[in-house]
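Colleague: Sequence:
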Amino acid sequence: MKFLRFALFFTFMLAVFAGSALCATQKDIQPPKEWLTFIDNLKKEMLAKGISQKTIDKAYGKNNYYHPKPEVVAQDKKQAEFILTSRDYVNKLVNENRVSKARKEYKSLKKKYSNLEDTYQVPLNYLTAFWAIETNFGQNKGKYHLIDGLTNLSYRNRRSKFFKNELYNVLKIMDKFDLQNDKMLGSWAGAMGHFQFMPSTYNAYAIDYDGDGVIDIWDSFDDSIASAANYLHDLGFKKDEPWGQAVTLPWNFDYTLTGYKTRKTVKEWKELGVKDVSEKALDLSPDLQASIIIPDGRKGQPYLILGNFRRIMIWNRSENYALAVGMLADYTASNKKYQPISSKNHYALTDEDILKVQKFINKTLHLQLKEDGKLGPKTKEAVKKLQAKARMHQDGYPDYTLLQKIDRYDPKIGFSTPLQPKKKLKTAKK
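Residues in the sequence shown are numbered consecutively from 292, following our numbering.
Hint data in this document are derived by calculation from the structure and do not stem from the laboratory. Bear in mind the structure is a predicted one, so any value in this text is a computation, not a measurement. Hints are supplied without guarantee of correctness; some may be wrong.
For lysine-lysine, the following BS3-like pairs were computed, each having C-alpha atoms within a straight-line distance of at most 27 Å [what the hints assert, rightly or not]: (1) Lys335 x Lys455; (2) Lys696 x Lys665; (3) Lys566 x Lys675; (4) Lys529 x Lys590; (5) Lys680 x Lys665; (6) Lys402 x Lys566; (7) Lys530 x Lys402; (8) Lys675 x Lys696; (9) Lys650 x Lys627.
Pairwise CB distance ranges (calculated) [said to hold, decoys possible]: (10) Leu658 x Gly502: 51 to 61 Å; (11) Leu548 x His657: 37 to 47 Å; (12) Asn456 x Val568: 55 to 65 Å; (13) Ser491 x Glu570: 37 to 47 Å; (14) Gly527 x Ser625: 17 to 27 Å; (15) Asp367 x Trp542: 26 to 36 Å; (16) Asn494 x Thr708: 17 to 27 Å; (17) Asp367 x Glu570: 19 to 29 Å; (18) Lys628 x Asn427: 35 to 45 Å; (19) Ser634 x Gly527: 25 to 35 Å; (20) Asn456 x Glu559: 56 to 66 Å; (21) Lys402 x Glu325: 29 to 39 Å; (22) Asp698 x Gly527: 17 to 27 Å; (23) His657 x Val568: 16 to 26 Å.
Think of the CB as a built atom: it goes at the ideal place given N, C-alpha and C, for glycine as much as any other residue.
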């Protein structure tokens, strides 16, 4: 009994102490002077841009606003992550379960939204694919308060200007439709709704399809899917044109022809020996303009891409994302059996590896690449030049061999192997 009373007393005192500590902690947290100056200037800037005082007060309150979100800032500052190969990225986003779910959703959407295809000239299988990849069919729309997240990202951040503009667009949405702060939820970077529109994209392309007077891409799927269709239509998406397809290249293919800069007609690519994955002739309109890309280098899967692929990349600049959308759209509208992409294993690059290559290229080739650790089109074209200098296949992919050559590079002899001293021949003893 004594022990029970002691245990109860101890638990009570622990609760009191914890509560006191929490109150003290909350009371002691004071916003830095720099933050208060930033918020004050931010409010003035937004008012000058036309945001009402009512919306400013709704977003930030009338007292000192201080909602630090270190996890949001950390997301934007992530470094040295391993970069998924194109094969692994697409296989992760386009899998058997997702294909099955996409086909069911597509059939359902066809019954209600078939008129969208005629109005906006965007096929529903593509809209289904975007929906699946962006939010897993609306299940992951984001739970961050946009005001908190974007305000933190606008403060002393490497992309402050970008995020401050998106913050302005959020306030503009709240101002126009008198929306509450709690309604404004999204991803850590500010993407919103079923199709993850950035606030600036919302203000440019979102539409009130259900006619209730509010453009609601969070809870109104009518508004969401029509807004996505409107955006793709404005990008020039063509209803009767595929995104492209996986192909095979001849053994003697000139890899300097790969990349977005080189465009040839399908007929010209056929004449160079490009075939489909079954080694059959390409079944595409011969006059379509196309490029060949090899996201994982010459040992990976090559693709012939058309105009719609480039338009998907305006939505999201990642070519792997565009491949995932295109492939999932193809599976969604067909009964084709799902097959994961198969290719040889690759060295897992990190953004530090790519940053290292970019710095080396700028120093040795005297170029001015943006040193951001991202393997974009400009970096790939520069890697080709470096590979030519190193007498390698010019596929634009900085593999392990190229990284080793960079480590062994000697400014005096370049990539050449230094001459080894001759070994003295041993003379036989008499």
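Colleague: So does Ser634 sit 25 to 35 Å from Gly527, Cβ to Cβ?
Modeller: holds (31 Å)
Colleague: Given the hint that Lys566 pairs with Lys675, test it: the Cα-Cα distance must not exceed 27 Å.
Modeller: holds (24 Å)
Colleague: Kindly confirm whether 37 to 47 Å is satisfied by the beta carbon distance between Ser491 and Glu570.
Modeller: At 45 Å between Cβs, range holds.
Colleague: That 29 to 39 Å hint for Lys402 and Glu325 (C-beta), does it hold up?
Modeller: violated (55 Å)
Colleague: Quick check: does the Cβ-Cβ distance between Asp698 and Gly527 fall within 17 to 27 Å?
Modeller: violated (44 Å)
Colleague: Do the beta carbons of His657 and Val568 sit within 16 to 26 Å of each other?
Modeller: violated (40 Å)
Colleague: With 19 to 29 Å as the target window, see if Asp367 and Glu570 comply at their CB atoms.
Modeller: violated (45 Å)
Colleague: Assuming the hint says 26 to 36 Å, is it satisfied by the Cβ distance from Asp367 to Trp542 or not?
Modeller: Once the Cβ atoms are compared, 44 Å apart, the range 26 to 36 Å for Trp542 and Asp367 is violated.
Colleague: Is Lys529 within 27 Å of Lys590, Cα to Cα?
Modeller: violated (31 Å)
Colleague: Is Lys402 close enough to Lys566, meaning Cα to Cα at most 27 Å?
Modeller: violated (37 Å)
Colleague: Could you tell me whether the CB distance from Asn456 to Glu559 stays inside 56 to 66 Å?
Modeller: Since Asn456 and Glu559 have Cβ atoms about 42 Å apart, the given range 56 to 66 Å is violated.
Colleague: Would the hint linking Lys530 and Lys402 be met if the CA-CA limit is 27 Å?
Modeller: At roughly 18 Å apart (the allowed maximum being 27 Å), Lys402 and Lys530 satisfy the hint.
Checked against the numbered hints listed earlier, the structure breaks hints 4, 6, 9, 11, 12, 15, 16, 17, 18, 20, 21, 22, 23; every other hint is satisfied.
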